[in-house]
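Chemist: Let the hints inform the model, and build the full structure from the sequences given.
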Amino acid sequence: MAAEPNELRDDVLNGLQLSTQLERVWRTPSGLVGALMSVDHKVVGRRYILTAFAFLLLGGILAILMRVQLAGPEKTFLSADKYNQVFTMHGSTMMFLFAVPVMEAFAVYLVPLMVGTRNIAFPRLNAFSYWMFLFGGCFLWISFLFNVGPDVGWFSYVPLSSLQFTPTKRADVWAQMITFTEVAALAVAVEIVVTVFKLRAPGMTLDRIPLFVWAMLVTAFLVMFAMPSIMVASTSLILDRLVNTRFYDSSSGGHPLLWQHLFWFFGHPEVYIIFIPGTGMVSAILATFARRPVIGYPVVILSLIATGFLSFGLWVHHMFVTGLPQLGAALFTASSMLIAVPSGLQIFCWLATLWDGRPVYRTPLLFVIGFIVIFVLGGLSGVMVASVPIDTQVHDTYFVVAHFHYVLIGGAVFPLVGAVYYWFPKIAGRMLSERLGRWNFWLAFIGFNVAFFPMHILGLIGMPRRVYTYTADMDWAHLNLVSSGGALIFAFSFALLLANVVYSLRKGALAGDNPWDASTLEWATSSPPPPQNFDRIPVVKHRDPLWADSESLPVVAGLSAERREVLLTSLAEAEPQIREASPEPSIWPLLAAIATTIFFIGSIFTPWAVLWGTPPMAVTLIGWFWPTGSKEDEE
Amino acid sequence: MTWPLAACAGRQSALDPQGLQSDQIRHTLFIFLIVAAIVWTAVVIVLGVGLLRRKRTADQPLDLHQSFEQRSGRVILALGIATTVTVLGLSLVSYAGQRTVFAKDEKAHTLKIIGHQWWWEVRYEADSPHQSFVTANEIRIPTGQPVKVELESADVIHSFWVPSLTGKMDLIPGQKNELQFTAKNAGVYRGQCAEFCGIQHAHMALAVIAMSPDEFGRWRDHENQSANSPADQLGKQGEALFRARGCALCHNISGTLAGGQLGPDLTHIGSRATIAAGTLPNTPATLGAWIADPQHIKPGNLMPKMPLQSDELIAIIHYLEQLK
Chain A
1 MAAEPNELRD DVLNGLQLST QLERVWRTPS GLVGALMSVD HKVVGRRYIL
51 TAFAFLLLGG ILAILMRVQL AGPEKTFLSA DKYNQVFTMH GSTMMFLFAV
101 PVMEAFAVYL VPLMVGTRNI AFPRLNAFSY WMFLFGGCFL WISFLFNVGP
151 DVGWFSYVPL SSLQFTPTKR ADVWAQMITF TEVAALAVAV EIVVTVFKLR
201 APGMTLDRIP LFVWAMLVTA FLVMFAMPSI MVASTSLILD RLVNTRFYDS
251 SSGGHPLLWQ HLFWFFGHPE VYIIFIPGTG MVSAILATFA RRPVIGYPVV
301 ILSLIATGFL SFGLWVHHMF VTGLPQLGAA LFTASSMLIA VPSGLQIFCW
351 LATLWDGRPV YRTPLLFVIG FIVIFVLGGL SGVMVASVPI DTQVHDTYFV
401 VAHFHYVLIG GAVFPLVGAV YYWFPKIAGR MLSERLGRWN FWLAFIGFNV
451 AFFPMHILGL IGMPRRVYTY TADMDWAHLN LVSSGGALIF AFSFALLLAN
501 VVYSLRKGAL AGDNPWDAST LEWATSSPPP PQNFDRIPVV KHRDPLWADS
551 ESLPVVAGLS AERREVLLTS LAEAEPQIRE ASPEPSIWPL LAAIATTIFF
601 IGSIFTPWAV LWGTPPMAVT LIGWFWPTGS KEDEE
Chain B
636 MTWPLAACAG RQSALDPQGL QSDQIRHTLF IFLIVAAIVW TAVVIVLGVG
686 LLRRKRTADQ PLDLHQSFEQ RSGRVILALG IATTVTVLGL SLVSYAGQRT
736 VFAKDEKAHT LKIIGHQWWW EVRYEADSPH QSFVTANEIR IPTGQPVKVE
786 LESADVIHSF WVPSLTGKMD LIPGQKNELQ FTAKNAGVYR GQCAEFCGIQ
836 HAHMALAVIA MSPDEFGRWR DHENQSANSP ADQLGKQGEA LFRARGCALC
886 HNISGTLAGG QLGPDLTHIG SRATIAAGTL PNTPATLGAW IADPQHIKPG
936 NLMPKMPLQS DELIAIIHYL EQLK
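Residue numbers (our numbering), protein chains in the order written: chain A, 1 to 635; chain B, 636 to 959.
One or more of the hints may lead you astray.
Claimed, not checked - Facing chain B, according to a computed beta carbon distance under 10 Å, are these residues of chain A, among others:
{"no.": "1", "residue": "L65"}
{"no.": "2", "residue": "V68"}
{"no.": "3", "residue": "S79"}
{"no.": "4", "residue": "F87"}
{"no.": "5", "residue": "H90"}
{"no.": "6", "residue": "V148"}
{"no.": "7", "residue": "C349"}
{"no.": "8", "residue": "D356"}
{"no.": "9", "residue": "F399"}
{"no.": "10", "residue": "G459"}
{"no.": "11", "residue": "L460"}
{"no.": "12", "residue": "R466"}
Claimed, not checked - DSBU-like cross-link-like pairs, simulated, lysine-lysine; straight-line CA separation at most 35 Å:
{"no.": "13", "chain 1": "B", "residue 1": "K819", "chain 2": "A", "residue 2": "K82"}
{"no.": "14", "chain 1": "A", "residue 1": "K169", "chain 2": "B", "residue 2": "K811"}
{"no.": "15", "chain 1": "B", "residue 1": "K742", "chain 2": "B", "residue 2": "K783"}
{"no.": "16", "chain 1": "A", "residue 1": "K541", "chain 2": "A", "residue 2": "K198"}
{"no.": "17", "chain 1": "A", "residue 1": "K169", "chain 2": "B", "residue 2": "K940"}
{"no.": "18", "chain 1": "A", "residue 1": "K82", "chain 2": "B", "residue 2": "K747"}
{"no.": "19", "chain 1": "B", "residue 1": "K747", "chain 2": "B", "residue 2": "K783"}
{"no.": "20", "chain 1": "A", "residue 1": "K75", "chain 2": "B", "residue 2": "K742"}
{"no.": "21", "chain 1": "B", "residue 1": "K811", "chain 2": "B", "residue 2": "K871"}
{"no.": "22", "chain 1": "A", "residue 1": "K82", "chain 2": "B", "residue 2": "K742"}
{"no.": "23", "chain 1": "B", "residue 1": "K940", "chain 2": "A", "residue 2": "K82"}
As the list claims (entries may be wrong) - What follows is a set of in silico ranges between Cβ atoms, one per label pair, in the way DEER data are often shown:
{"no.": "24", "chain 1": "B", "residue 1": "K959", "chain 2": "A", "residue 2": "D473", "range": "20 to 30 Å"}
{"no.": "25", "chain 1": "B", "residue 1": "Q860", "chain 2": "A", "residue 2": "G485", "range": "34 to 44 Å"}
{"no.": "26", "chain 1": "A", "residue 1": "D81", "chain 2": "B", "residue 2": "N859", "range": "36 to 46 Å"}
{"no.": "27", "chain 1": "B", "residue 1": "K811", "chain 2": "A", "residue 2": "Q164", "range": "16 to 26 Å"}
{"no.": "28", "chain 1": "B", "residue 1": "D928", "chain 2": "A", "residue 2": "K75", "range": "39 to 49 Å"}
{"no.": "29", "chain 1": "B", "residue 1": "V720", "chain 2": "A", "residue 2": "R27", "range": "49 to 59 Å"}
{"no.": "30", "chain 1": "A", "residue 1": "L302", "chain 2": "B", "residue 2": "A789", "range": "44 to 54 Å"}
{"no.": "31", "chain 1": "B", "residue 1": "Q930", "chain 2": "A", "residue 2": "G485", "range": "28 to 38 Å"}
{"no.": "32", "chain 1": "A", "residue 1": "V148", "chain 2": "B", "residue 2": "K811", "range": "33 to 43 Å"}
{"no.": "33", "chain 1": "A", "residue 1": "E434", "chain 2": "B", "residue 2": "Q930", "range": "49 to 59 Å"}
{"no.": "34", "chain 1": "B", "residue 1": "K959", "chain 2": "A", "residue 2": "V232", "range": "48 to 58 Å"}
{"no.": "35", "chain 1": "B", "residue 1": "D946", "chain 2": "A", "residue 2": "K169", "range": "41 to 51 Å"}
I should point out that these hints are in silico values taken from the structure, not numbers from a laboratory. Remember, predicted model here, so these are calculated numbers, not experimental data. All residues carry an ideal CB built from backbone N, CA and C; glycine is no exception.
Modeler: Printed below as a string of structure tokens:
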């Protein structure tokens, strides 16, 4: 768009005038409708984070129900049917409604701030993706509460999930919920990639991007390449169930293993979609509290990228006992084990950083230390699982349950809780209580290990997964009881986290802009950040701008102060290119999400929904993209 | 060599191998365990020392030791190479183990196992139909001789897993898998379905009974025979009821008019140790409880509840008890 000669630019205003002016331009409209229209990445990101944590709470409650049922032999706390629904909902909630969304949610909040821009790319798509996530999650949970919760596992293997063996709507509910989260996850991935490639502050060359942002960039690419696979899988499943196609029916030329290949081609990268953001959080926290930049910055980035590539080459290790050719299986053993190399390199970089640093032992760092101890163990048991002969014994046993909880909780949830302590001051403007934080950490660390370590042994002495009961003569009772006790302690640590958040929101010490004396750009703005993020777009000359330019950041001037504008920069060198309008708040993303939800849910019950469901979607999308000239253009 | 974990061994344990294959797997497992223990301990020690050594001058931000950065770069590179060599070495160890575990022997005894929701059909097939017979949930094999099981599924995916003898292998509709193993010692080894297969996945167990080749031969000859005719009046009444009440629609009893194929073959049910796929010991009381209300013991299983008078139930139990 052409610059108006008399346009108000940010270089003619002084500090306070500029802040007030930009705040007026960028703020979310007031009132309920205004809140529903918000396209501010911070507002959407905060909602995203809160919703994902709400699902964590729900998934955690299910975990406790399972641990109560399994605490002793032949308990009747849950029926077989209920137990199967509960473990399916636990897995689906944790993977699709908590782990991936919460990581993307942190990215939605933090990445624009960390790269020094005013909003995420495609903010309306961002709002839309949040609503899709919310509606999909609620749909799944409401179904569960009405006893139509899925009960065939979060992996939904065919033919068990086919119409013949699951004639109720339960598997349809699951498959459609997958579609919702696919839409949400893919949309955010696209936004992250464009934000990182095009909206970085001037001077933030590729080798000055914060490690957390790098991690989210790699994650976004993984999402874009992995999600289509499950999209094909779940759509084929729905078609098999609703319109009688035969993709997975071996009696009509389909094959059940097709599902497993498609599912795990998504499902294994999925683990890294969850883990890589965790490593990004670790790098951010570690640098701040070790009081030095992470050693081996290029090594860490190359490791992230290598992990991303390798993660697509090892899905078959989930299928070693399906009767695939032996030599092929052995090659997947090697490729699965090789992923230990980039993961190991990152660990070595962090250890070196701590070794050379001057660690400040605050709660976020404690969680990072806990992460290293737990995750390394989980990684090593992963090397075992990757071996074909060992896998034939431990596959689908509690050994694997132990392994992936060490990887996912150690590799993602510990960094995530550390990240909550670390970024809460930025998001809320107040500090979390350090005392409660320490209790939180130690209870989590001890509770986690007591809950999950015994499962390694349980698996080796023969306890299969996904059984709702076992008999006393199997000798599994004691370890299960210990594990259930640990699970309660672990759950209590999350209650402490919740209490800490609730308490500190009102009573916590005021944070100030940069309470940890950290080095990245999100700490250069106030806490919580104003709607426009930065009054003037910073210019980045160092990898750790706030440490190198401790006095004041250089800035670039010339963006409009009377309408929403972001600065586009070049891909590699981040040289300023053009000013670009950023969308105004709009109700259409919400309406589009509602229409899409009606379409998808309707299609479960009648194929005609595909016909009558499309016009409302079309209307809302037209409304969304309707070109609106700005006032300046009309004048 | 004794291993501390072997103390944890139970009836269905990978740590207490009784077969050639499970022995090999445990061997591979322990090599991996030792390497893992060494690596984890080393990491935790480096982490601990790194956190505790000198430097209590905290809070003073970063002084960037470029020299340390370069030196640690070399250390990191060396560790990366060491990691690569280690995982490649472990891959070779794994492959060697895999070759042994999956080695094929052409002379193996062959039997076919078909997975059902939620029980195991076991077919001993021979060239002559007179030498072929079918049983359920209990598999008898000779010790010291390789056994090949051919695995198929009648409905959903199941997984055949007897940890004491070897690792698992899936039973997949539309696909034939196979698994070979050799039991070293006589004994009863419990197995359990390892792939989630629906509501009663937890109650889909089986027993592998390894016996000396002579005993196995005798058992096999016996199994080839049709079912005993009931010896007494009550038994005869039971047999008639078995047909009249619809049991025979699903269950087969060789040598009688009962020829159902949907449920387990009951030709020699009286000689089996358990009923309902390892769920209950086979006693008149449990058998009666099972027939009277199968949905109570395994909710969701595919056996319907038949309206039976108590005297009818007694007759049927009496009949089945005699089928040895």
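Chemist: Look at each hint and say if it fits the structure.
Modeler: Hints, verified against the model:
1. Given hint, L65 (chain A) at the interface with chain B, is violated; its Cβ is 16 Å from that chain's nearest Cβ, farther than 10 Å.
2. A least Cβ separation of about 16 Å between V68 (chain A) and chain B goes past the 10 Å threshold, and the interface hint is therefore violated.
3. Because the beta carbon of S79 (chain A) sits about 7 Å from the nearest beta carbon in chain B, less than 10 Å, this interface hint is met.
4. The interface hint given for F87 (chain A) is met, as the beta carbon of that residue sits about 9 Å from the closest beta carbon of chain B, less than 10 Å.
5. Checking H90 (chain A) against chain B by beta carbon gives a least distance of about 13 Å; that is not within 10 Å, so the hint is violated.
6. Taking 10 Å as the C-beta cut-off, the interface hint given for V148 (chain A) is violated, the closest approach to chain B being about 15 Å.
7. Look at C349 (chain A): its Cβ gets to within about 6 Å of chain B, closer than 10 Å, so that hint holds up.
8. The interface hint given for D356 (chain A) holds, since its Cβ lies 5 Å from the closest Cβ of chain B, which is under the 10 Å cut-off.
9. Restraint check, F399 (chain A) versus chain B: the minimum CB separation of about 9 Å is within 10 Å; hint holds.
10. The beta carbon of G459 (chain A) is positioned within 10 Å of a beta carbon in chain B (closest approach about 8 Å), and the interface hint is therefore held.
11. Annotation: L460 (chain A) was flagged as interfacial toward chain B, and the flag holds, the nearest CB pair being 5 Å apart, inside 10 Å.
12. A least Cβ separation of about 4 Å between R466 (chain A) and chain B falls short of the 10 Å threshold, and the interface hint therefore holds.
13. A distance of roughly 41 Å separates the Cα atoms of K819 (chain B) and K82 (chain A); the hinted pair therefore is violated under the 35 Å criterion.
14. Between K169 (chain A) and K811 (chain B) the CA atoms are separated by roughly 31 Å; this keeps the pair inside 35 Å, and the hint holds.
15. Proximity of K742 (chain B) to K783 (chain B) is assessed by CA-CA distance (about 9 Å); at most 35 Å being required, the pair is judged to hold.
16. Restraint check: the Cα-Cα separation between K541 (chain A) and K198 (chain A) comes to about 17 Å, which is no more than 35 Å; the hinted pair holds.
17. The straight-line distance between the Cα atoms of K169 (chain A) and K940 (chain B) is roughly 26 Å, inside the 35 Å bound, and the hint therefore holds.
18. With a CA separation close to 34 Å, the supplied pair K82 (chain A) and K747 (chain B) stays within the 35 Å bound.
19. The straight-line distance between the Cα atoms of K747 (chain B) and K783 (chain B) is roughly 8 Å, inside the 35 Å bound, and the hint therefore holds.
20. A hinted pair counts as satisfied when its Cα atoms are at most 35 Å apart, and K75 (chain A) with K742 (chain B) does not qualify at roughly 46 Å.
21. Using a Cα cut-off of 35 Å, the hinted pair K811 (chain B) and K871 (chain B) is violated, with the two alpha carbons roughly 41 Å apart.
22. Only pairs whose Cα atoms come within 35 Å are accepted, and K82 (chain A) paired with K742 (chain B) is rejected, the gap being roughly 47 Å.
23. This hinted pair checks out: K940 (chain B) and K82 (chain A) have alpha carbons roughly 22 Å apart, not beyond 35 Å.
24. With their beta carbons about 25 Å apart, K959 (chain B) and D473 (chain A) fall inside the hinted range of 20 to 30 Å.
25. Here the CB-CB span from Q860 (chain B) to G485 (chain A) is close to 54 Å, at odds with the stated 34 to 44 Å.
26. Under the hint 36 to 46 Å, the C-beta atoms of D81 (chain A) and N859 (chain B), about 41 Å apart, fit the expected range.
27. For the pair K811 (chain B) and Q164 (chain A), the supplied restraint of 16 to 26 Å holds, since their beta-carbon distance comes to about 21 Å.
28. Distance hint for D928 (chain B) and K75 (chain A): a CB-CB separation of about 21 Å, inconsistent with the stated range 39 to 49 Å.
29. For the pair V720 (chain B) and R27 (chain A), the beta carbons lie near 58 Å from each other, so the given range of 49 to 59 Å is met.
30. In this structure the hint that L302 (chain A) and A789 (chain B) lie 44 to 54 Å apart at CB holds, the actual value being about 50 Å.
31. Separated by about 33 Å at the C-beta atoms, Q930 (chain B) and G485 (chain A) satisfy the suggested range of 28 to 38 Å.
32. The beta-carbon spacing between V148 (chain A) and K811 (chain B), approximately 36 Å, falls within the hinted interval of 33 to 43 Å.
33. A beta carbon spacing of about 56 Å between E434 (chain A) and Q930 (chain B) agrees with the range 49 to 59 Å that was offered as a hint.
34. Taken as a hint, the range 48 to 58 Å holds for the pair K959 (chain B) and V232 (chain A), whose Cβ atoms sit roughly 54 Å apart.
35. The hint said 41 to 51 Å for the Cβ distance between D946 (chain B) and K169 (chain A), and at roughly 44 Å that hint holds.
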